[in-house]
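Starting from the structure of chain S, add chains H and A with the ligands where the hints point.
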Amino acid sequence: MFHWLEKRPFFFAVAVFVVIAFAGLIEILPNFAQASRPVIGTKPYTTLELAGRHVYIKNSCNACHSQLIRPFKSETDRYGHYSLSGEYAYDRPFLWGSKRTGPDLMRVGNYRTTDWHENHMKDPAAVVPGSIMPAYTWLFKNTADIDTAYAEQLTVMKAFAVPYNKELPMADGSKATVALADTVEAARASALEEAKVIAADMKDQDVKDAVAAGQVPEIVALVAYLNSLK
Amino acid sequence: MENRPLEYDYTVAKWFMLTTVVLGIVGMLIGVILAWEMAFPAVNTIAGSGLAEYTNFSRLRPLHTDAVIFGFTLSGIFATWYYIGQRVLKVSMAESKFLMFLGKLHFTLYLLVVVAVVGSLLLGITTSKEYAEFEWPIDIAVVLVWVIWGMGLFGLIGIRREKSLYISIWYYIATFLGIAMLYLFNNMEIPTYFASGGIGAWYHSVSMYSGTNDALVQWWYGHNAVAFGFTVPIVAMIYYFLPKESGQAVYSYKLSLLAFWGLMFVYLWAGGHHLLFSTVPDWMQTMGSVFSVVLILPSWGSAINMLLTMKGEWQQVAASPLIKFMILASTFYMFSTLEGPIQAIKSVNALAHFTDWIVGHVHDGTLGWVGFMIMAALFHMAPRVFKREIYSKSLMGTQFWIQTLGVVLYFTSMWIAGITQGMMWRAHDEFGNLAYSFIDTVAVLHPYFTIRAVGGTLYLVGMLLFAYNMYKTMTSSRRVEESELQNASPMGA
Amino acid sequence: MNKTVLAAIIVVIAMLGFTYVAVGSAGGMGGEGDWVNKLAVLGAVVLVIITAFVVTKYVRQMQNDTAGGKLADENWDGIGEYKNELPFGWAVIFLGAIIWAIWYFLAGYPVNAYSQIGEYNEEVAAHDAKFEAQFANMDDATLNAMGESVFIVQCAPCHGLQADGMGGKAADLHQRLAEKSVKHVVMNGSSNNLLGTSMPMPDRNGLMNTNTNALITDAEIDAVAKYVAGGLKGTEGASVFAGACAACHGADGKGMEMVAPNIAQMSPSMVDMVLHHGKKGAIGQMPAFTNLTAVQYKALDAYVASLSKK
Ligand code: HEM
Ligand code: HEM
Ligand SMILES: [Ca+2]
Ligand SMILES: [Ca+2]
Ligand SMILES: [Cu+2]
Numbered sequence: 001m002f003h004w005l006e007k008r009p010f011f012f013a014v015a016v017f018v019v020i021a022f023a024g025l026i027e028i029l030p031n032f033a034q035a036s037r038p039v040i041g042t043k044p045y046t047t048l049e050l051a052g053r054h055v056y057i058k059n060s061c062n063a064c065h066s067q068l069i070r071p072f073k074s075e076t077d078r079y080g081h082y083s084l085s086g087e088y089a090y091d092r093p094f095l096w097g098s099k100r101t102g103p104d105l106m107r108v109g110n111y112r113t114t115d116w117h118e119n120h121m122k123d124p125a126a127v128v129p130g131s132i133m134p135a136y137t138w139l140f141k142n143t144a145d146i147d148t149a150y151a152e153q154l155t156v157m158k159a160f161a162v163p164y165n166k167e168l169p170m171a172d173g174s175k176a177t178v179a180l181a182d183t184v185e186a187a188r189a190s191a192l193e194e195a196k197v198i199a200a201d202m203k204d205q206d207v208k209d210a211v212a213a214g215q216v217p218e219i220v221a222l223v224a225y226l227n228s229l230k
Numbered sequence: 001m002e003n004r005p006l007e008y009d010y011t012v013a014k015w016f017m018l019t020t021v022v023l024g025i026v027g028m029l030i031g032v033i034l035a036w037e038m039a040f041p042a043v044n045t046i047a048g049s050g051l052a053e054y055t056n057f058s059r060l061r062p063l064h065t066d067a068v069i070f071g072f073t074l075s076g077i078f079a080t081w082y083y084i085g086q087r088v089l090k091v092s093m094a095e096s097k098f099l100m101f102l103g104k105l106h107f108t109l110y111l112l113v114v115v116a117v118v119g120s121l122l123l124g125i126t127t128s129k130e131y132a133e134f135e136w137p138i139d140i141a142v143v144l145v146w147v148i149w150g151m152g153l154f155g156l157i158g159i160r161r162e163k164s165l166y167i168s169i170w171y172y173i174a175t176f177l178g179i180a181m182l183y184l185f186n187n188m189e190i191p192t193y194f195a196s197g198g199i200g201a202w203y204h205s206v207s208m209y210s211g212t213n214d215a216l217v218q219w220w221y222g223h224n225a226v227a228f229g230f231t232v233p234i235v236a237m238i239y240y241f242l243p244k245e246s247g248q249a250v251y252s253y254k255l256s257l258l259a260f261w262g263l264m265f266v267y268l269w270a271g272g273h274h275l276l277f278s279t280v281p282d283w284m285q286t287m288g289s290v291f292s293v294v295l296i297l298p299s300w301g302s303a304i305n306m307l308l309t310m311k312g313e314w315q316q317v318a319a320s321p322l323i324k325f326m327i328l329a330s331t332f333y334m335f336s337t338l339e340g341p342i343q344a345i346k347s348v349n350a351l352a353h354f355t356d357w358i359v360g361h362v363h364d365g366t367l368g369w370v371g372f373m374i375m376a377a378l379f380h381m382a383p384r385v386f387k388r389e390i391y392s393k394s395l396m397g398t399q400f401w402i403q404t405l406g407v408v409l410y411f412t413s414m415w416i417a418g419i420t421q422g423m424m425w426r427a428h429d430e431f432g433n434l435a436y437s438f439i440d441t442v443a444v445l446h447p448y449f450t451i452r453a454v455g456g457t458l459y460l461v462g463m464l465l466f467a468y469n470m471y472k473t474m475t476s477s478r479r480v481e482e483s484e485l486q487n488a489s490p491m492g493a
Numbered sequence: 001m002n003k004t005v006l007a008a009i010i011v012v013i014a015m016l017g018f019t020y021v022a023v024g025s026a027g028g029m030g031g032e033g034d035w036v037n038k039l040a041v042l043g044a045v046v047l048v049i050i051t052a053f054v055v056t057k058y059v060r061q062m063q064n065d066t067a068g069g070k071l072a073d074e075n076w077d078g079i080g081e082y083k084n085e086l087p088f089g090w091a092v093i094f095l096g097a098i099i100w101a102i103w104y105f106l107a108g109y110p111v112n113a114y115s116q117i118g119e120y121n122e123e124v125a126a127h128d129a130k131f132e133a134q135f136a137n138m139d140d141a142t143l144n145a146m147g148e149s150v151f152i153v154q155c156a157p158c159h160g161l162q163a164d165g166m167g168g169k170a171a172d173l174h175q176r177l178a179e180k181s182v183k184h185v186v187m188n189g190s191s192n193n194l195l196g197t198s199m200p201m202p203d204r205n206g207l208m209n210t211n212t213n214a215l216i217t218d219a220e221i222d223a224v225a226k227y228v229a230g231g232l233k234g235t236e237g238a239s240v241f242a243g244a245c246a247a248c249h250g251a252d253g254k255g256m257e258m259v260a261p262n263i264a265q266m267s268p269s270m271v272d273m274v275l276h277h278g279k280k281g282a283i284g285q286m287p288a289f290t291n292l293t294a295v296q297y298k299a300l301d302a303y304v305a306s307l308s309k310k
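Protein chains in written order, with this note's numbering: chain S, 1 to 230; chain H, 1 to 493; chain A, 1 to 310.
Keep in mind that a hint or two might mislead.
Said to hold, decoys possible - Far from chain A, some chain S residues (derived; all Cβ distances over 10 Å):
no. : residue
1   : 2
2   : 40
3   : 42
4   : 76
5   : 185
6   : 208
7   : 228
What the hints assert, rightly or not - Covered, in the sense of this in silico footprint (three residues per stretch, anywhere, with C-beta under 8 Å from a C-beta of chain H), are these stretches of chain A:
no. : region
8   : 110 to 121
9   : 149 to 159
Please keep in mind that the hints were generated in silico from the structure rather than gathered at the bench. All C-beta atoms, glycine included, are put in the ideal place defined by N, C-alpha and C.
So here's chain S without its partners, still in its complex pose:
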């Protein structure tokens, strides 16, 4: 049979394809329906948080930081409750990472705060002596791309029924709603409101001035995102 195949490239290719396609069908498909159901308390990202997530991706923070807490005592002691599938329901793409040159950030919002991030992102080694994380000084100057974040929100709401503007159950029994603006102008305005709250806790004068002038520096968006990781 193999000799026969080796003389017939077409059938050879078909045979190879069947053999390699098999595993994907069995391994990947069954999980699809299961894995994407949100657990209670999971909320979609706000515009500013999503813009911050883009800053995170743009700078490949995932090259050094994971967002996946494995069910080991040593990890839950360090980072908090182990990860649950439904907590990632609104993560597109997922950001689990594959290398922990720095610590896991899945729940960093629980144990770090705005001013700490500000100091740390500006000069990690000044906050954590011996840190090998690069200083991300340009985040204090570059302006975050709010429009693209809003475009993504609209896209996922339309294409994947991500529940913006809907009441969602929270773990403590309360309800929460993540509002999505109707227009891009309104989205910019609401992102700016979020940014003001964060900038109030920051010290960098340039950042404060920029926010006061209606702009959102990347660092503000990034901190909003990091604070949302809980």
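Relative to the frame of chain S, chains H and A with the ligands by itself:
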């Protein structure tokens, strides 16, 4: 069948040889920079803090992986295809204007994609998925390049004179199909600009899959990108170049056969080993672990077949640096395909995952196996393509030993670093509290990071020697006759 | 196999062994250790040995054997192919591996009904059982030592290993309050749940100086801030304190239950409040800690309170 020797047309092979060398050097130079950045963070601002946005570790890291995978390795795959393909199918590219055109188009588009990738990654335009960072416009171009290559590949096979397909051709076909399938599914994404009616960046997209599903698809891709990028096509190379250079017949057809079909079947199941202890269901993780262990056998099948091909030919191994490269490549192949399965055992992965031990595994595979094999292939091709002998054998020998030392320093240091860090993360003190803060586990790695950087620098030095040797071979080496090109490659002193 | 290879193998194994011992003992994992660590190191050692062994086997064949067998009919670009049988060992192990995989998947794995979360729960239960019993009743020295151990991992990233706040990035825990913190609180009030209830301290507009019967002035705020930050010593500011603050914080500044916190010293109960509720002030914001065990809170409270007494 014809008896007259064919005039093979190596134009496209030559072009891809050039990009192999150039992108290899670029990619590895970036790797070396990364390695020094991890040992000495001041290197992040090596071009001044104004440019740090473009020279810092995190911006450069995807550029390194993509440059060595889609630049160096893929160029090597294409270069060897345009060389081996003609020879084992017994047809010349020159026989078909259409195939020649496709080949040149293939190269041109490929080069454009390379430029687009470098530009976009430097600007931070990425989807974050490892080895699939490109945004949708580049994805489309990649698919186009791939389709054109496929047309050329099957076109050449279609007009072949040698009816039965040689082993290497099996592996090239599998490379084509595997990557095509994987790439398409992993890059399903929606351009947000169009979906939102023209808001935001035009190149931005959002993944079709979310969370755990996205992870599943990504590592089904990621693992098998290793399979169909770093294993299958490299095996294609060794099945041609080792027997050819040594003049020995392949040890066993049956072994080739079982190893091939075994590899095709088993590889795809093993992707779960990237997701151990994650939120994908236990049974899929177990499947990944189990199949990883089985995977040792088909992988070793090819390696053993190659080592046995050299049975009784020790004098050749001792005498020829070119064969040394290939024998060491097989050895590192065996090494990394044993190491991988060990790391895929759940409890070992509990320690190894997220650490430098994985990075060590990556590089004994890529530097020792992929890198060595591609360079050996180019060495063998050069005299046939340029009709000149290899410029310097002793330089080749020097390169071999420098790079071997480099690889050994790289993976031993990363082993120790990874295991040390993994153990420190897990350690609890006498009170039952975590024994180390995270930064403690970073600080201890400094010496190992430094050793790795030295090892990587040595490997890069070897690459530069390689480039020099190739350049001299191309331009000023002694010209050779067809009769000198049967088996062992002619080499100058 | 030549001597260099052998030497290299020994060196690698020795390095791994050294790592294991060094990290193992520093980690205080005691005699029994962590079997995941052992298995990983063992895996690494086995890997070196097997590769060396197998490669040596084939190198021997390259050195001593001769090639041979029946050649296949085809010939590709001068490359022939022998019709040799499969290497026996390889074939047997491959077959065995396939059978094992099928067995494992159909029987081995389902019968054991493994669940990673189940395993985690067992791990945590075993850990808790071991340590809770051992540290149910600690003396002060042990309590402090344990507190320090938690502090290094959980708190040092902000407060620094020396707990000095790293140049004002977080509170210096060796002193109760910095001058600028006091000033900030008096100007703006404070509502950090320091009493365990949401009773805020009023800002300056709510603060009368009973000595002058007027709202507290800027100069008075400066003076009292110095006085409080200095540990309520000296005379300057003392009268303002007595007039404006003592009503709630007590004449000695040690606070009153359900009225105002101790601002003279760091006390375990005050630290406990900060840990549970976080704190936002002039320096910045500290998050609340929700992930610690009761013993860990207690140990931290004691340890941090002990810092300011030194
Ligand atoms: C039998 C064959 C192999 C198996 C079972 C295997 C298994 C593994 C495992 C378990 C990991 C670590 C996953 C994690 O914990 O993060 C890994 C990572 C990796 N391996 Fe292999 N490996 C094999 C062969 C190879 C070869 C030959 C190469 C090629 C050079 C290679 C390249 C890689 C790469 C690049 C990664 C890193 C993926 C990432 O970015 O996380 N592997 N492999
Ligand atoms: C001069 C030689 C090289 C040096 C110094 C080098 C250095 C590095 C460094 C420092 C990293 C980042 C590791 C980390 O994040 O901890 C890395 C990652 C990587 N390199 Fe290299 N590299 C070299 C050559 C290569 C080659 C030739 C290839 C492939 C053909 C390659 C493939 C990769 C891959 C796939 C990763 C990602 C690993 C992962 O995510 O687990 N490297 N390299
Ligand atoms: Ca990785
Ligand atoms: Ca893509
Ligand atoms: Cu893999």
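Hint check results:
1. 2: 12 Å, holds
2. 40: 17 Å, holds
3. 42: 18 Å, holds
4. 76: 8 Å, violated
5. 185: 32 Å, holds
6. 208: 15 Å, holds
7. 228: The assertion about residue 228/S holds, with a minimum of 14 Å to chain A.
8. 110 to 121: The restraint on the region 110 to 121 of chain A holds, since 3 of its residues have a Cβ under 8 Å from chain H and three suffice.
9. 149 to 159: holds (count 6)
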